[in-house]
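Chemist: Residue numbers (our numbering), protein chains in the order written: chain A, 1 to 308; chain B, 1 to 314.
Every clue listed holds true.
Per the computed footprint, the stretches of chain B lying under chain A, defined by three or more beta-carbons under 8 Å from a beta-carbon of chain A, are:
#	stretch
1	96-106
2	113-119
3	123-130
4	243-253
5	269-283
6	293-306
In silico SDA-like links for lysine to any residue, alpha-carbon gap of 20 Å or less:
#	chain 1	residue 1	chain 2	residue 2
7	A	Lys92	B	Leu292
8	B	Lys177	B	Leu10
9	A	Lys92	B	Leu288
10	A	Lys92	B	Pro298
11	A	Lys92	B	Val289
12	A	Lys92	B	Leu295
13	A	Lys92	B	Phe296
14	B	Lys185	B	Tyr202
15	A	Lys92	B	Val110
16	B	Lys180	B	Tyr207
17	B	Lys6	B	Ile179
18	A	Lys92	B	Ala297
19	B	Lys185	B	Thr204
Since the hints were made in silico from the structure, they are not lab data.
No residue lacks a Cβ here, since even glycine has one placed at the ideal position from N, Cα and C.
Chain by chain, the residues:
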Amino acid sequence: MEFGPHLMLAALEGAVISAILVLTAMGLSIVFGVMRVVNVAHGEFFMLGAVLTWFVATTIGGHPALGFVAALLIAPVLVGCLAAFADRLILKRINYDPDRTIVATIGMLYIIQQTTLMTFGPEARPVPPPFNTRLSLPWFEWGEEGFALFWPWGLSITTYKLFVIAAAATVLVGLWVLLTKTKIGLIMRATQQDSETAQAFGVPVGRVYSWVFGLGAGLAALGAVLVVPIQQAHYLMGGDPLLLAFIVVIIGGLGSLPGTVIAALLIGMSDGIISVFFSPTLAKIIATLLVAMVLVFRPQGLLGKKPS
Amino acid sequence: MTAHGKSWVLHGGVLALLFALFFVLPTYHSGQLSRIMVLAIYAMGFNILFGYTGLLSLGHAMFFAAGMYGFGLTVNLAGFPMPVAFLFAILVAAALALVAGGLALRTAGVSFMIVTLMFAQAAYLVVLYFGEYTRGDEGFVVAREGRMIAGIDLSTDAGRYFCAWVLFGVCFLALAKLIKLPFGKRLIAIRENEERARMLGYDTSRYKLMAFVTSGAVSGMAGATYGLLFGYVGASFAAVPYSIFPLLWVLLGGAGTTIGPLIGVFFMFYLIDISSGYTNAYMLIAGLVLVLLTLFAPQGLAGSLRQKVMPWLP
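Given these sequences and hints, build the entire structure.
Modeler: See below:
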C-alpha cells in the first residue's frame, strides 16, 4: 500500500480509538468537573463494562446482536449503580478530601481488578460483533488519464467500526443535551459552580454527587461495551484507557467538556496514526512526557481558561 | 525520661531486636525480614516527602528503579566495583529526583500527583524501550562479583541480613536525627501550613526540592540495596504498583513517624505473604487495606499510637 491509503487507514483506526476515548474521558471529566474528584478507579469501571458485556453475551447466547443489545442496556447501568454505591459507601464518608480520595480510589482500583481476576479469570475473552461486514474504500489517483478512483488492497473498514463512531457521536450529543437543556444538567452545573450555594437552594448535593459518579462510570462502561467486539475483555484492560483518559482530560483542561472532546479527537487520531508509523513504546514515552509538561507549564490545559 | 531519651531507647531497641531476631528466626523468616528491612528503607524515603513534607508523589518507583538499574547495569555492563556502583546508583536517583522534582514541584495538589505518576510511567517505558540492555520485564541477574564487599559474600543468608540491617539502621537513625534538625522542622512546618512557613521567611520551594531529592536518593539507595542483596533487577520494580506500595506501607504504619514505615512494610508483607498462599489475587488485600485505612485510620498504626498512648513518638 502507498502512503496516502495507508494514512487514511491509520486515520480511520484513529477515529475508532477517539470514539471510545471520548466516552471514557467524558466520564472522567464530568466527575472531576462536578465533584473535583480524581477517580483513579475509572479504568476499572471501563474494564467492568467489558467483562459484563462478555457475561451478558454468553448468558443470552443466540445471535450476537441479541447479546450485544442486552449488554448495551445492562452493563453501563449496572456499573453506574456500583459506582454510585461505592461513592455512598466510601467517598462520601471521607468528605471528598482530595488526597484521601485518590488513595481510596487506588484501593477501589485493586479491589475491582482483583475481584474480576478471581471470578472472571486471567484469560482474554472475545465477544462477537453484532454485525461485521467489510467495506472496501476507494482511493483516488492523478494518473495519465486524469482523476481516477481505485480500490487499493487492504484499505477497508468494517461496518461495526463505523457503528462505533456513530454511536459515540450520538451519546455525545445526548450528553450535551442533558447538560445544557435539562433540569438535571442545570442541577449538575449549579453543584459544579458552588456546591454550598446549591445546597442552600435545595439541591440535594450528596445525591447529585452519587449520580454524577455513577454517570461517569457508566460512560466508561459504555465505551467498553462498544470496544469489546474489537478488543477482547481482560481483567487488566483498564490501565491504558485510564492513562489515555487522564491525558485527554489534562490536555483539554481539567473539567472543560468541549476541551475534552477536542483533546480526545486529537489524542485518538495521533495515537492511531503514530502507532501505525512509529514504535509504540517510543510514542508512548514522548506522549506521556509531553502531557506531563503541559501540566507543569500550562496547568489550565491547552484549551482551558486561566483560573481567575 | 525525656521525650528525647525515650525516642533513642525506642530506636535502639528496634535495631537491637532486629539484630537478635536473625539468631532466633528460621531461615525463611529471616530472609523475609531482610527483604522487609530493604523495603522499609524505600518506605522511609517516601515518608520524608509524604509524611514530613506533605507532598504525595505517585511516582516513586522511578527512583527505586533508578537506584536498582543504576547499580545493576553498571556492575554487569561497565564492571564497576560494588561500592562505586552503589554510590553511582544513589547519585543517579538523586539527579533524576532533582530534574523530576524541579519540574513537578511547579505544580501542587492533584496535578503534582499526576505529573509524578506520568514521569514514573515514562521511566518505566524507557526501561522497556531499552530492552536490549535492561531485558525488559524478564529482568537480569546481577553478577556475583558485584555482590561481594571486603571478602564478605552478600548473597548468603547472614551476609544479606546484616547488610540490610546496617543500611536500614543507618537510614532509621539518620531519619530520626533529621527531623530533629532545623531542616526537618522546616519540612514539617511546610506540611502543616506552607503559606505561613513562607510568610515566616523560609524559602519553601527550595526546602520542598531538597526534601524531594533526599527522598529520591533514599528510595534509590533502597533500590540499589535490593539489587545488591537479592541479585535481581527487573522492570516490574519500575511499574505502577511499586509507586503505590510505599504509599500503602507508610499509610498503614503511620505517615510522619520514624517507626511507621517499618511497621507498615512488616504488616503488609506478611498479610500479602499469607494471602498469596490462598489466592493469586493478593493485590485485593492491598486494595481493601487502602480503602479501610482512608475510612477508619488515616493516621496509620503508629499515628494512632501517638495520638492515644505515646505522644512523644517521633
